[in-house]
Amino acid sequence: MNKNRVVTIMNKELLEIKKDKATLTSLFIIPIIFSIILPLLIIIGGTRNALIQNVSGINQFLGNLSVKFLPNNIPHSQIGTYALFIYFFIPLFLLIPIIVSTVIASTSFVGEKENKTLEGLLYTPVTDSELILGKIMAAAIPSVFITWGSILIYGIILDTVGLTIFGRVIFPNVVWITVGFVLVPVITFLSILLVIMVSQRVSSSKSAQSVSMILILPLIGLIISQASGLLIFNVLVTLLLAFILVIIDFVIFKIVVKKFNREKITLNL
Amino acid sequence: MIINFNNVSKKINGINVVNDMSFSLAKGHVLALLGPNGAGKTTTIRLLTGLIVPNNGDIVIFNQKLNSRKVADKLREKISVQNDGSLYENLSIIENLRIWANLYNIPAKRAMSDIAELLDVFELVSRSDDKVKQLSKGMRQKILLIRSLLPKPKLLILDEPTSGLDPQTSRKLIDCLESYIEEKDTTIIMATHQLDGLEQLATDILIMNSGRVIVQGEANRLINEHWPTTQLKIELDNANKARDYFDQNFSNNYFFKNEKVYLTVKNKQSIPRIIATITSNVDVIGINKVEHTIKELYFDLLGKGVL
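If you read the protein sequences in the order shown, they are chains W and F.
With the first letter of the first sequence counted as 1, position 118 gets the number 118 in UniProt numbering; the numbers rise by one all the way through.
With the first letter of the second sequence counted as 1, position 75 gets the number 75 in UniProt numbering; the numbers rise by one all the way through.
If we strip away everything but chain W, and leave its shape as in the complex, we get (with noise of 0.2 Å):
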């Protein structure tokens, strides 16, 4: 593999997504509300305010969350918002990455393919792996730095803002740190190869999102999971989970390398 002609691919991905305003600017719109918005509003209003309680599962998760993964430090009329921060808002800062890298992967191979740039890139002398791997990259860096921009812009809400609420600086901890920084990346991995392995097959990139937001669906069912509180993130969870899906990534990369078709993409068949 020739890692110049990968970053050639990355960096092109890269200078095109930076020159779409309309596409950069979409990608921070559930980063901010995540990030930003929700724990304001939050830390703002309480949990027990009108919006929050529409939040749908936040008093189902507050029911099933079990005492052991609280703190004893802080006041008790806060553990609710507390365990609301550390542990509800985790599986949605796991979905920032999957958006994120779905659209940008999505309108990096199918918007190749709307534009009739992909045949000239399949002249040269660039290998599949190569052009995939270069394509994972550009999708990935952006997503992934989004993501922990998102957390880093949260942890500073919570310890500043929050300050007030919890008497005490309750991010990042360890769940955290584990969940942005090995969790996030291979969550990211998998979401795009998805999207690429859709992307043979379909013409636009809103088929190619739409496609791969139901592959991806059995992932957001596990973050179901959590926000109901069923299933904690922990960090054995996290490494677990992490671990699991490394495997998948590989597996699945292999399978996309190899069944990606030149002949299929040239002859749009």
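Hints were generated in silico from the structure; no laboratory data involved.
It is possible that part of the hints are untrue.
[What the hints assert, rightly or not] To spell it out: a stretch of chain F is covered by chain W in this simulated footprint if at least three of its residues, at any positions, have a beta carbon under 8 Å from a beta carbon of chain W; those stretches are:
1) 82–88
2) 95–109
3) 243–254
[To be verified] When the alpha-carbon atoms are kept at most 25 Å apart in a straight line, the in silico PhoX-like pairs for lysine-lysine are as follows:
4) F:Lys65 - W:Lys259
5) F:Lys78 - W:Lys19
6) W:Lys264 - F:Lys78
7) W:Lys21 - F:Lys65
8) W:Lys258 - F:Lys131
Here a beta-carbon is modelled for each residue, glycine too, at the ideal position from N, C-alpha and C.
Mind docking chain F on chain W? Use the hints.
Using the frame of chain W, we list chain F on its own:
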């Protein structure tokens, strides 16, 4: 031979797009790939670059049989293709070209000087930072050509290279291609509908229709075989006065057109003697040998229903 196509067939959606095609091309030659729309020219280019795989037959390029992805990947390092594919619209000219230079592993310093040189040849220096979407069709075509010339390939494949170009730029392109053949030993395959002046560059021609090769070989040989006799164009001072002379001496071997006589000579050795006889009997302004062109050959075959 740089390319050997041996009985290659390709079926797409049940249709024989390329049917038992055989041809070869020597190093440094320029092949004009001709034929009406849907003849199979683009499929031939895709087969040559390993983008699609033949159902039957062998393709050998640079002495390597094109039979696996690995071989195709390696071969594409020596091949560059200009097709009607689009450029990256939101990126500038220079960004588009740098991406291509990097994909062919051209060192940055050399890439920049080659890009600058080619932008200068095609008069795009002042537009180099413009986004592609701001450019006209002709300018985009120039960038596609620069993009294909940049890697200095051993095999250059051009698909409708002069489409959208003004006559001056077409001229510059031909000059540029001639220098590539001379200095870099480049072999060129050029699929085109632009038949005028083709013989200036093309050494070989391949005319195909419905996926089949109709004629193939060196352009001069094919033209000479198609028109084995020599035709002389004689411009006369008074054509009507000369009519009787030609009737008596050359009977069925000549015709009048636009006040000129077109005389067919079967034996090339007799040409000087015939010219001497004519000039001593009628007032001649000038005599030229009629050079047949690839365009004439194409349309002659077309007229005979071969295509």
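> For the pair supplied as a hint, F:Lys65 and W:Lys259, is the alpha-carbon distance within the 25 Å limit?
Replying inline: Since the Cα atoms of F:Lys65 and W:Lys259 sit roughly 23 Å apart, the hinted pair holds (cutoff 25 Å).
> Straight-line Cα separation of W:Lys258 and F:Lys131 no greater than 25 Å?
Replying inline: violated (36 Å)
> Residue count check for the stretch 243–254 of chain F against chain W: does it reach three with CB-CB under 8 Å?
Replying inline: violated (count 0)
> Are 3 or more residues of the stretch 95–109 of chain F near chain W, judged by a Cβ distance of less than 8 Å?
Replying inline: holds (count 7)
>> Checking one constraint from the list: CA of W:Lys21 to CA of F:Lys65, max 25 Å. Satisfied?
In response: Violated: W:Lys21 and F:Lys65 sit about 46 Å apart, past 25 Å.
> Under the criterion that the straight-line Cα-Cα distance not exceed 25 Å, is the pair F:Lys78, W:Lys19 satisfied?
Replying inline: The hint is violated at about 32 Å.
> Taking a Cβ-to-Cβ distance below 8 Å as contact, does the stretch 82–88 of chain F have at least three residues touching chain W?
Replying inline: holds (count 5)
>> Checking one constraint from the list: CA of W:Lys264 to CA of F:Lys78, max 25 Å. Satisfied?
In response: holds (24 Å)
Hints 3, 5, 7 and 8 from the list above are not met by this structure, while the remaining hints are.
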